[in-house]
Amino acid sequence: DTGVSQDPRHKITKRGQNVTFRCDPISEHNRLYWYRQTLGQGPEFLTYFQNEAQLEKSRLLSDRFSAERPKGSFSTLEIQRTEQGDSAMYLCASSLETSRERKLFFGSGTQLSVL
Amino acid sequence: AQKITQTQPGMFVQEKEAVTLDCTYDTSDQSYGLFWYKQPSSGEMIFLIYQGSYDEQNATEGRYSLNFQKARKSANLVISASQLGDSAMYFCAMRAGVFGNEKLTFGTGTRLTIIP
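Protein sequences appear in the order of chains A and B.
The numbers in the working numbering rise by one with no breaks, and the one at position 84 of the first sequence is 84.
The numbers in the working numbering rise by one with no breaks, and the one at position 71 of the second sequence is 71.
In isolation and in its complexed conformation, chain B is listed as follows (with noise of 0.2 Å):
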């Protein structure tokens, strides 16, 4: 079974700082994926970034990156220059094991307040 834990279930930070969300996971299975959505207050999940298991690299995308630590199964997400816009939930999520398995599991998500 795959497991996510967000431990923070809130956060204050100020606009312009970089805030660092923290996601740690658990499976037994060596190809797995791991993703971050945003869900504004207005309901609709919006993708972030992408994890591969085997990604040597740490994934990006403009603001956000992926701070993937294999050996200690964290995959903490970074926003640099944090803006008024970023306010929303976070959630960290795992889709685990061969193709074919399409489930993806969320963890219970952060809530970002950025503050002006």
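Just chain A, same shape as in the assembly (with noise of 0.2 Å):
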């Protein structure tokens, strides 16, 4: 078990340009989610995979965001035309469908700082 990978765990860019950050869920674990945080507060729901299908997407999710996971393994978020107030902590959890609690195991998150 090596726990869920999330690359680059930090990034600076300027506002306008675009960003892909890539999560390794646990390899046995079907379903995959991206959630956003920021100073301060608890994470929000951004959307969830089971396998390679996108099953939920929160409203915080606008048009510039978009998530795949093209063979149900890893995943990628990517932010187009970044504004400073999507600078937060992204982070990826993954699970198990068939655990009684279905508990997330998170990454150690990718900081995006929009200058």
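Simulated from the structure, these hints should not be mistaken for lab results.
Just so you know, these numbers come straight off a predicted model, no measurement behind them.
All C-beta atoms in this analysis are idealised placements derived from N, C-alpha and C, irrespective of residue type, glycine included.
Among the hints, erroneous ones may be present.
[Said to hold, decoys possible] DSSO-like cross-link-like pairs, simulated, lysine-lysine; straight-line CA separation at most 27 Å: (1) B/Lys103 / A/Lys103; (2) A/Lys57 / A/Lys71; (3) A/Lys57 / B/Lys103; (4) A/Lys103 / B/Lys3; (5) B/Lys3 / A/Lys57; (6) B/Lys3 / B/Lys73; (7) A/Lys57 / A/Lys103.
[Unchecked claim] Pulled a few chain B residues facing chain A out of the computed Cβ check, cut under 8 Å: (8) Gly33; (9) Phe35; (10) Ser42; (11) Glu44; (12) Met45; (13) Phe47; (14) Tyr50; (15) Ala88; (16) Phe91; (17) Lys103; (18) Leu104; (19) Phe106; (20) Gly107; (21) Thr108; (22) Gly109.
[Claimed, not checked] Listed next, with one range per pair, are the computed distances between beta-carbon atoms: (23) A/Glu83 / B/Asn58: 39 to 49 Å; (24) B/Gln14 / A/Ala53: 42 to 52 Å; (25) A/Phe74 / B/Ser41: 22 to 32 Å; (26) B/Ser42 / A/Thr98: 27 to 37 Å; (27) A/Arg59 / B/Lys73: 22 to 32 Å.
Build the complex: two chains, separate frames, hints provided.
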């Protein structure tokens, strides 16, 4: 069990640029989630996948955000035309559908700073 | 809609003492799950403990226990014999509704500082 890994750990970009983050879940987990966490707040749900299907998207996920999980393994989250309000920690998590708690295992996150 | 309320922004506790972190929740669903996560300065959210709404016993995991009071809609985390490594942010979270609703709703967290 190597845990959930996210890349990069930190990203600094200029307003208007596009950024892409990658998440590699725990290998046997079929569910993958993206959350966003701003300073002083708890994580907020963005979207989740079961295998390669994106099953739910939050209203927080504007048209500038897109997430994919093409082969049901790793996932990418892209933000187009970044804005300063996008600055946050982006957390990825995975879970096993058949476990009782269906608890989420989180990665260490990608800290995005938009200048 | 689900809501989690954590009313303690910060707490300072002497090492080796027990500490209780408060969490109240609001949902109209009969079936739900309650979670506590720890977030150290490294940023990773670490699962601590889970309580299902139909579980008759309060959950325990090592030094962590969950004081579940369903009628009061509270799910307080109790850490016994606190250690310096317990210093971190602690988040209460809830998943509510039927199987298939996988979204976790988090509170705003409590920053716990253990004093040597």
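To see whether the hints hold, each was checked on the structure:
no.: 1; hint: B/Lys103 / A/Lys103; in the structure: holds (11 Å)
no.: 2; hint: A/Lys57 / A/Lys71; in the structure: holds (19 Å)
no.: 3; hint: A/Lys57 / B/Lys103; in the structure: holds (10 Å)
no.: 4; hint: A/Lys103 / B/Lys3; in the structure: holds (18 Å)
no.: 5; hint: B/Lys3 / A/Lys57; in the structure: holds (18 Å)
no.: 6; hint: B/Lys3 / B/Lys73; in the structure: holds (11 Å)
no.: 7; hint: A/Lys57 / A/Lys103; in the structure: holds (19 Å)
no.: 8; hint: Gly33; in the structure: holds (6 Å)
no.: 9; hint: Phe35; in the structure: holds (7 Å)
no.: 10; hint: Ser42; in the structure: holds (6 Å)
no.: 11; hint: Glu44; in the structure: holds (4 Å)
no.: 12; hint: Met45; in the structure: holds (4 Å)
no.: 13; hint: Phe47; in the structure: holds (5 Å)
no.: 14; hint: Tyr50; in the structure: holds (4 Å)
no.: 15; hint: Ala88; in the structure: violated (13 Å)
no.: 16; hint: Phe91; in the structure: holds (5 Å)
no.: 17; hint: Lys103; in the structure: holds (5 Å)
no.: 18; hint: Leu104; in the structure: holds (6 Å)
no.: 19; hint: Phe106; in the structure: holds (3 Å)
no.: 20; hint: Gly107; in the structure: holds (5 Å)
no.: 21; hint: Thr108; in the structure: holds (5 Å)
no.: 22; hint: Gly109; in the structure: holds (6 Å)
no.: 23; hint: A/Glu83 / B/Asn58: 39 to 49 Å; in the structure: holds (44 Å)
no.: 24; hint: B/Gln14 / A/Ala53: 42 to 52 Å; in the structure: holds (50 Å)
no.: 25; hint: A/Phe74 / B/Ser41: 22 to 32 Å; in the structure: holds (26 Å)
no.: 26; hint: B/Ser42 / A/Thr98: 27 to 37 Å; in the structure: holds (29 Å)
no.: 27; hint: A/Arg59 / B/Lys73: 22 to 32 Å; in the structure: holds (26 Å)
Checked against the numbered hints above, the structure violates only hint 15.
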